[in-house]
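*Asks:* Single-letter residue listing:
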Amino acid sequence: MRPRLRRVPLHIIVFILPAAAIYTAFMIYPLFDSLRLSLHGNPEGGGVVFVGLQNYARLVADSLYAPRFWGAVRHNLIFFAIHMLVQNPVGLLLAALLSARRLPGLAVYRTLLFAPTVLSFVIVGFIWQLILSPLWGIAGGLLRAAGLGAHFRPWLGLEGSALVTLSLISVWQFVGIPLMLFHAALIGIPDDLLEAARVDGATGWRAFWGIEFPLILPVVGLVAILTYVGNFNAFDLIYTAQGALAGPNFSTDILGTFFYRTFFGFQLQLGNPFMGATVAGVMFLLILAGVLPYLFVWQRRIEVHEL
Amino acid sequence: MAKVRSSFLLATLCFVLAGFIVPVQQLSAQGPVSVTIESWRNDDLPVWQDTIIPAFTKRYPNIKVVFGPTAPTEYNAALNAKFSGGTAGDLITCRPFDLSLGLFKQGFLAPVNDLPGMSNFGPVAKSAWITDDGKTVFCVPMASVIHGFIYNADIFKQLGLTPPKTESEFFQVLDKIKQDGRYAPLALGTADQWEAATMGFQNIGPNYWKGEQGRLALITGRAKFTDPDYVAVWRTLAKWRPYLASGFEAQKYPDSQNLFTLGKAAIYPAGSWEVALFNRQAQFKMGAFPPPLPAGASTCYISDHTDIAMGMNAKTRHPEEAKKFLGWMTTSEFASLYSNALPGFFSLSNQKVTLQDPLAQTFLNWRSTCKSTIRNSYQILSRGEPNLENELWRVSAGVISGKLTPEEAAAQVQTGLAKWFKPPTK
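Protein chains in written order, with the UniProt record's numbering: chain P, 1 to 307; chain X, 1 to 426.
Since the hints were made in silico from the structure, they are not lab data. Since we're looking at a predicted model, the values are computed, not measured. Quick reminder that beta carbons are idealized off the backbone N, C-alpha and C, glycines included. You may find that some hints are simply not true.
[As the list claims (entries may be wrong)] Facing chain X, a subset of chain P residues (Cβ under 8 Å, in silico):
#1 ALA21
#2 THR24
#3 SER133
#4 GLY157
#5 LEU158
#6 THR240
#7 PRO248
#8 LEU268
#9 GLY271
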């Protein structure tokens, strides 16, 4: 006798259905429709036809698209690297400081550090443009007051420094996210573990790397993957601060702005929905390539200590 | 896509239904005929309602004109939907070049060649609303914007300067302002990139490539951006760098405007659309001079860029009345009303118009002393990728900030253009 398939209880289906239906209609269907669109084209004079992977080939090889595309990928990697090297370590450091016991004014620090995260991109972009403005900004004045006036540059307007400056602005805005996640994980560690370490003679430094860090390792992975997804989806800050042309000379052009220009067009340039969908397809694949190893390797291998 | 299609269907259905209702109302009311204007200029609603339309109804009391604007960003899409639903207004405000040309090719706009007043418009005025073969005009030109330089007359008086006529005088003036040290000589930034191209390249360029002659030469393939006449423009722009405010690389368009209206900069490379705003904001006297003549040139050329026009819905139910309105738009009465109500937007008519605003009048005077042309990246050359206009923004900003040499800029623009644009072979 073959085992009967276990029936999913009806009430579970009923509960899942509304969310599943909305998610399918507004996320899954558009995603696949966009991927379908990227496999089509509109050759001269003809209607919409299936072109296979031609659009993807054009994107990575055609001299019209390839320089912009590879430039955007490179800038996205730099953007991501700066977040990983600055935002997350700083977030961890601040979280460790905040979880030190008996810190006076803890709630005030926590709120202040998290505040920029809830601000709109538009406000953050605008404020930092004003702070750094060579005409009206306070950055130049502050540096001059400190005797470093000679080091002031219009950072947002120079090809060499614009992308790094914007990355750091983004770090300033979002450092609150890793901070909160690390902080929550750190205060979840039972005191008796740390007390036991202290009894065994571990210093604060050693206790952190020997006890606390291994215990929050799952959160480290989560923060990394959130940063990755957020960075490869980034668009708003660059668009607000530098416009859709991501100047100067495309030096701050990331996949988000490249997609925007390609899909919607810009000024006299008409939009191309097929190539736009192709750029979106590549963004999807890149994010997928980052998330899958996380889901199937990191999350399965990592030891989650039951506390 | 399916969602978009079904919402279009719904919208079309509504429009079709509306189309059934409107004529019934009109039949039952035996009053004057009503003509509707489609426009994206919702900012101009008071001007039309209080000034322009009353002047027209005084002459034609039997025609009631309704100005029905849409938001600028929605105008193109809304107009297309209305045309396909058959409910577009009788008079259509025309965007320049390909957008209106597309509407004409689909049969939505009627030709206006046979309007009696069309002889009041020159070829440059009509160039934005004409078929590629130059035979059929489909919109009545309304207004253009003119490029030049606006200067702070108080600073000029204080430093004993006079508006420069030639390029060498221009740079002498800039030198004197720089030596004085209190003001930035030129208010221009490269952060937004378009300032460099529009207020820089397209502003002074016509003097180098001889206006229409050089612009048409690019379209017919007789000239390239790498020719000396075009490279020289970028060479001059590169010389502007020392006279810009420090940190101009991060200076945006509003920064430049504020720098000038706050009296911190002496000269503003301008478009005439700034006139109304500057009049409101600046606390000092202003004057304007046309792009200074390069060495050896004797004729001056100005960028007199065609921006807005009015056409007629080919399927309007009131063609006679719509034509009367368009005919009135070719008269000097309309030209003077419009130009005075919106200083900085100049009627494209050849007839003499007197403006009350002295600064706007200065710009307008150049039409009689200089030859007019339009921006060279708009007609025909705006169609392919990489987009010529966007490329000009990028390289002009690069040249001014010193990241590109004039020769590199020219080569990059020409290579991009040659990728898709094949001039007609003879």
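*Asks:* Each hint needs a verdict: does it hold in this structure or not?
*Replies:* Evaluated hints:
no.: 1; hint: ALA21; result: violated (15 Å)
no.: 2; hint: THR24; result: violated (13 Å)
no.: 3; hint: SER133; result: holds (6 Å)
no.: 4; hint: GLY157; result: holds (3 Å)
no.: 5; hint: LEU158; result: holds (6 Å)
no.: 6; hint: THR240; result: violated (12 Å)
no.: 7; hint: PRO248; result: holds (6 Å)
no.: 8; hint: LEU268; result: holds (4 Å)
no.: 9; hint: GLY271; result: violated (11 Å)
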